[in-house]
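Protein chains in written order, with the numbering used here: chain S, 804 to 1125; chain Z, 23 to 250.
No lab work stands behind these hints: they were computed from the structure. Take these hints with a grain of salt, some might be off.
[As the list claims (entries may be wrong)] Some chain Z residues judged to face chain S by a derived CB distance under 7 Å, without partners named:
#, residue
1, Ala26
2, Ile29
3, Val30
4, Gly33
5, Ser35
6, Ile65
7, Ala66
8, Asp70
9, Tyr75
10, Arg76
11, Pro84
12, Leu156
13, Gly157
14, Val159
15, Ala220
16, Ala223
[As the list claims (entries may be wrong)] Partner residues aside, some chain S positions facing chain Z, computed with beta carbon under 8 Å:
#, residue
17, Trp832
18, Gly838
19, Arg912
20, Thr937
21, Leu938
22, Ile1010
23, Ser1014
24, Ala1046
25, Pro1048
26, Val1051
27, Gln1053
28, Ala1056
29, Gln1068
30, Ile1080
31, Met1103
Think of the CB as a built atom: it goes at the ideal place given N, C-alpha and C, for glycine as much as any other residue.
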Amino acid sequence: MTAHLTPSGPGVVVVKPGMLTTVQDSGRWGLQARGVPVGGPMDGVSHRLANALVRNPPAAAGLEITLLGPELEFDDERVVAVAGAQFDLLLDGRTVPSNAPFIVSAGARLRFGARRVGARAYVAISGGIAVPPTLGSRATHLISAMGGVAGRALAAGDVLPLGEPTDVYGSVSMPQAAVVRLPDRHARVRVLPGPQTEFFSTDALDILQSSPYVIGANSDRMGFRLEGPPLTHTRGADIISDATPLGVLQVPASGQPILLMADRQTAGGYPKIATVITADMAVAGQLGPGDTIAFAVCTMREAIAALIAQERALMAVEARHA
Amino acid sequence: MSTAFRIVPAGDSVLVVEFEERIDPVVNAKTIACAEAIQTAAIAGVRDVVPTYRSVAVYFDPLRTDTDALLERIARDAEAAVPAARAEQAPIRIPVCYGGDFGPDLAHVASFANLAEDDVIRLHSAATYRVFMLGFVPGFAYLGLVDQRIAMPRHATPRVRVPQGSVGIAGVQTGIYPAETPGGWQLIGRTPVKPFDASRAEPFLMKAGDAVQFYAIDRAAYDREMAT
């Protein structure tokens, strides 16, 4: 089934959908108490960077592209930017850069070619993608079939409605340095211990840091199933279900941790040994099955300093394009 | 009245208040009261307040929150948390068509309990349950406590597809599947009522702290309800 959401008005036609292309905004916040997952981009920093480059608000809906990119046809003149994973980008056969805004004329086609590095790219279009919001957000949550286009990944023939651009675009700038350092199939991320470190043997945090984990084939937007040194429980592998924040490492009875990602459930019953710091979740979001991830314990001070540095870099880009 | 609790961080953007480590209506009522107090305070930078069985997770933006003030505020609300007086609240009544195709595990639960199927239905629909928390999928409410006699553990291997509206038991918990999902609970019936519908003015049938009762309906009543 294809979705024609706008019989009239500007839109983007999905010529080829790519492997897993979804509409994402900054997520469905405020309803976790009702069991509604937050969702949103796997790499929220690149999503926000792409929006800044086309002068969209930071939370505007764009596309998240996974491993294999789509081909899109625009029926309106717009400013477009692609951030995150590096792909060869062809606009009507002509190469266009990543991390820079470019003008797309009505009728033009943007095609994603070979992927160079990173797992997920973000496409922002001036005016944003204007599919109707569900519970206050346009983010696609595949498991609950909510948001985006009928709660699913894009399919050939879908037409995505576009919002009104905030203003007439001025100059098209030079490419920006990417804010996220793209991992080449391996990343080292920092963690803070807790919230349930006491459910594990005293050497569990050392074991967690002792060698990288492989991201298993069953990994998706909900979580990365990791394969590596097993962690030992000392008080069983069940807790009274509680909240499962983004970036938490929950450990079922197998001892193999699961890193909870954007589409995680709101609550779960496994003990959680550590939590990836917010500033490093964008890098984690650029990994896919078969890639490796290493963990290093840091301090709260380092976590906040890293987040401030990332925020400054984003705000600098937003200021230049304001 | 002073309360036993601790506050632990989960990363740099979440603080978790933990009350006594047990599934208990009084502990849960305290948890919900604490969450409501934090929510009502509308603290700058707080993005989500999530009560579960015995803990409250406070999600915040560390760059837009005075974390020390937040911690102090949460500690105060946890200290002061007393179960709200909700006893007078009328229970939400939910019709269930028990057994048959809709309750493929009813016979199972009956033999587990050494009771007739009708007794299982009677016990399941006699109790007034508390919504301890929501989770798993949008609108899924964890209800308890189920009568010990019919508190059958979940299946070792979950079903790949549980139909929407299925009513199940997992130990002392019972609940309704709001959408077709995988699931391991013992299925004893099905309700025509939707616990979650994003297109409804009020998308959620239940919230944490609500009281819920089930009542038996026959297949004809179920079909009539589904047709409207």
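Quiz item: Under the criterion of a CB-CB separation shorter than 7 Å, is Z:Ala26 in contact with chain S as hinted?
Solution: violated, 15 Å
Practice problem: Hold the hint about S:Ile1010 up to the distance rule: shortest CB distance to chain Z must be less than 8 Å. | Solution: Violated, about 20 Å.
Practice problem: With a cut-off of 8 Å on the beta carbons, see whether S:Ile1080 makes it to chain Z. | Solution: holds, 5 Å
Quiz prompt | Restraint check, 8 Å cut-off on beta carbons, for S:Gln1053 near chain Z | solution = violated, 11 Å
Self-check item: Supplied contact hint for Z:Gly157, tested at 7 Å Cβ to chain S
Solution: holds, 3 Å
Quiz item: Does Z:Asp70 pass the interface check with chain S, least Cβ-Cβ distance below 7 Å?
Solution: holds, 5 Å
Quiz prompt | Hinted contact S:Arg912 with chain Z - closest CB pair below 8 Å | solution = violated, 34 Å
Quiz item: Measuring from the C-beta of Z:Val159 to each C-beta in chain S, is the shortest one below 7 Å?
Solution: Hint on Z:Val159: holds, closest Cβ of chain S at ~6 Å, below 7 Å.
Self-check item: Agreement of hint S:Gln1068 with chain Z interface, Cβ distance less than 8 Å
Solution: holds, 6 Å
Quiz item: Under the criterion of a CB-CB separation shorter than 7 Å, is Z:Ile65 in contact with chain S as hinted?
Solution: Status violated, d = 14 Å.
Exercise. Double-check S:Ala1046 for me: the hint is only fine if its C-beta lies closer than 8 Å to a C-beta in chain Z.
Key: With a minimum Cβ separation of about 3 Å from chain Z (threshold 8 Å), the hint on S:Ala1046 holds.
Self-check item: Residue hint S:Met1103, partner chain Z, criterion CB-CB below 8 Å
Solution: holds, 6 Å
In this structure, the hints that do not hold are numbers 1, 2, 6, 7, 16, 19, 22, 23, 27 and 28, in rising order.
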